Amino acid sequence: MSTLERPQLEVADIIHEYGDDYRQAHRLSPMQHGVLNAISHCRTDILGGHIDQCNACGHQHIAYNSCRNRHCPKCQGMDNIRWVKERENELLPIQYFHVIFTLPHELNLLAQYNPALLYTILIQSATETLQSFADKRWKGTLGITVVLHTWGQKLEQHIHLHTIVTGGVLTHDKQRWINAPKNYLFKVENLSTVYREKFCDKLKQAFERG
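In the working numbering, each residue carries its 1-based index in the sequence shown increased by 987.
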């Protein structure tokens, strides 16, 4: 399929067909309603349009505006590809590790009530945990890229953090690189214990602050 061909089925088509039934069967937040509306209206006359004109021949093409919602696969797909390419350009010639941090589903309602706070605590707890192990073991700084996922593959709320971690550290004096052993970074059980303690402490502090 060329990049100019329209796929036989788009996410917007599914929302048009089943969106009303889904809204009736599930309690959605205002943000989730907004995402569904944005995707279903993307590049339609509802959002208006604009005219593209060739500077050379003067040919004009009328196009509808995109929703520019970050969840829309139609208008944000190229941004995703561009982001991945930029991250690939930053890769060092070393091994990397994929470490996932999750939250129990008992915290789902709290995340819906105050997502900014809970996601911030999650990211801080995960990165501080990884860095504390690096400090203790090598006295250096890890490179960490984090990607937050709030839903699972079956579209159920499942909050988890993907971290891509360098297999080694830059010493604090920035004079030396230390490689981690091949195919081993830190013991998962120890990471889990420290991560849980950090997360719970930060959550308690947030509660005490009101």
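One thing to keep in mind: the hints can contain errors.
[Stated by the list, open to error] No more than 27 Å apart at the CA atoms, straight line, and that leaves these computed lysine-lysine pairs for DSS-like:
1) Lys1123 x Lys1141
2) Lys1174 x Lys1126
3) Lys1161 x Lys1141
4) Lys1072 x Lys1061
5) Lys1072 x Lys1169
6) Lys1174 x Lys1123
7) Lys1126 x Lys1072
[What the hints assert, rightly or not] Estimated spans, in silico, between C-beta atoms of each pair:
8) Glu997 x Asn1101: 30 to 36 Å
9) Glu1093 x Gly1035: 16 to 22 Å
10) Tyr1009 x Leu1094: 20 to 26 Å
11) Gln1192 x Ile1081: 17 to 23 Å
12) Thr1137 x Cys1187: 18 to 24 Å
13) Lys1072 x Leu1135: 18 to 24 Å
Source of the hints: derived by calculation from the structure; they are not laboratory data.
All figures in this text were calculated on a predicted structure; none of them were measured in a lab.
Don't be surprised by glycine CBs; every beta carbon is placed ideally from N, CA and C.
Comparing the hints with the structure gives:
{"no.": "1", "hint": "Lys1123 x Lys1141", "verdict": "violated (39 Å)"}
{"no.": "2", "hint": "Lys1174 x Lys1126", "verdict": "holds (17 Å)"}
{"no.": "3", "hint": "Lys1161 x Lys1141", "verdict": "violated (44 Å)"}
{"no.": "4", "hint": "Lys1072 x Lys1061", "verdict": "holds (19 Å)"}
{"no.": "5", "hint": "Lys1072 x Lys1169", "verdict": "holds (26 Å)"}
{"no.": "6", "hint": "Lys1174 x Lys1123", "verdict": "holds (13 Å)"}
{"no.": "7", "hint": "Lys1126 x Lys1072", "verdict": "violated (31 Å)"}
{"no.": "8", "hint": "Glu997 x Asn1101: 30 to 36 Å", "verdict": "holds (33 Å)"}
{"no.": "9", "hint": "Glu1093 x Gly1035: 16 to 22 Å", "verdict": "violated (44 Å)"}
{"no.": "10", "hint": "Tyr1009 x Leu1094: 20 to 26 Å", "verdict": "holds (24 Å)"}
{"no.": "11", "hint": "Gln1192 x Ile1081: 17 to 23 Å", "verdict": "violated (35 Å)"}
{"no.": "12", "hint": "Thr1137 x Cys1187: 18 to 24 Å", "verdict": "holds (20 Å)"}
{"no.": "13", "hint": "Lys1072 x Leu1135: 18 to 24 Å", "verdict": "holds (20 Å)"}
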